[in-house]
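Residue numbers (our numbering), protein chains in the order written: chain P, 1 to 116; chain U, 1 to 116.
Careful, some of the hints might be misleading.
Chain copies aren't distinguished; within one or between two, either way the pair holds.
As the list claims (entries may be wrong) - Dumping the calculated DSS-like pairs for lysine-lysine here, alpha-carbon to alpha-carbon at most 27 Å:
1. Lys11 with Lys80
2. Lys4 with Lys31
3. Lys11 with Lys31
4. Lys112 with Lys52
5. Lys112 with Lys31
6. Lys80 with Lys4
7. Lys30 with Lys80
8. Lys112 with Lys30
9. Lys20 with Lys52
10. Lys30 with Lys52
Calculated from the structure, these hints are not laboratory results.
Number of protein chains: 2
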Amino acid sequence: MQVKNYSEIEKTHFDNEAMKGIEACVVIGKKDGAENFCMRVFEVEPGGHTPKHAHDWEHEIFVHSGEGEAYGNGVWNPFKAGAALFVPANEEHQIRNSGSQLLTFVCLIPSKAPEL
Amino acid sequence: MQVKNYSEIEKTHFDNEAMKGIEACVVIGKKDGAENFCMRVFEVEPGGHTPKHAHDWEHEIFVHSGEGEAYGNGVWNPFKAGAALFVPANEEHQIRNSGSQLLTFVCLIPSKAPEL
């Protein structure tokens, strides 16, 4: 068993046109022995967003803190802490922090996808 | 895309010698189209615990609220909200709520395992 806290893991900072105000890290991945799926944590500043894109793997997301909106099915879907989001493979999606607090979510992907 | 909040999903209650003070639900599973891994949410009352057991699939756990201890590697490992726990396949494990608040965690399993 491994136990770590995401707050103690070094983050990668993303701040460009596609991804704004994002800190992200892998918390459970191949290096830990996870062979089937990978857990990452994303922190999104107020006003920040992930890229709008699609890819041939799914996301399973759990919102730990804050609130925001997720683009999917052609509309923006509001969510808050405690929400679970399923993004099927090949569906265009994006997440933005529309609140005033930090948005923190866990995002899982199958192991065939790039970990971060 | 599907968006739901775990607080709105009907829970299964477990209260026996092996599992004490537990409410659990599947938030993203096969019914939602998730073919590779499954997300469940567990709420554990203060003093409650999951079963001590082992099985041939892994867990990836994220602690949403509260605090507790996880049995693994032969010892009890303390954790609190924000912790990520990786339990490899076939390792004996158990989680207990050693705090005074509700312990809520997300637990992911590969699709070959029973969803709940």
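Since the copies are identical, ignore which copy is meant and state whether Lys30 and Lys52 lie within 27 Å (CA to CA) inside a copy, between copies, both or neither.
-> both (26 Å within a copy, 26 Å between copies)
When no copy is specified for Lys11 and Lys80, does a C-alpha distance of 27 Å or less occur within a copy, between copies, both, or neither?
-> Both: 23 Å inside a chain and 20 Å across chains, each within 27 Å.
For the identical chains here, do Lys112 and Lys30 meet the 27 Å Cα criterion within one copy, between copies, both, or neither?
-> Classified as both: same-chain Cα gap 11 Å, cross-chain 19 Å, threshold 27 Å.
Go through the copies and call it for Lys112 and Lys31: within, between, both or neither, with a Cα cutoff of 27 Å.
-> Answer is both: 14 Å inside a copy and 22 Å across each meet the 27 Å cutoff.
Please work out whether the CA atoms of Lys4 and Lys31 approach to 27 Å or closer within one copy, between two copies, in both situations, or in neither?
-> within (14 Å within a copy, 31 Å between copies)
Can you tell me if Lys11 and Lys31 fall within 27 Å by alpha carbon in one copy, between copies, both or neither?
-> within (16 Å within a copy, 34 Å between copies)
Since the copies are identical, ignore which copy is meant and state whether Lys30 and Lys80 lie within 27 Å (CA to CA) inside a copy, between copies, both or neither.
-> Result: close only across copies, 24 Å inter versus 30 Å intra.
Can you give me the call for Lys112 and Lys52, within, between, both or neither, at a CA distance of at most 27 Å?
-> Within one copy only: 20 Å inside a chain, 31 Å across chains, cut-off 27 Å.
Go through the copies and call it for Lys20 and Lys52: within, between, both or neither, with a Cα cutoff of 27 Å.
-> within (11 Å within a copy, 43 Å between copies)
Could you figure out if Lys80 and Lys4 sit no more than 27 Å apart (CA to CA) within one copy, between two copies, both or neither?
-> both (24 Å within a copy, 10 Å between copies)
Violated hints are absent here; each numbered hint is respected by the structure.
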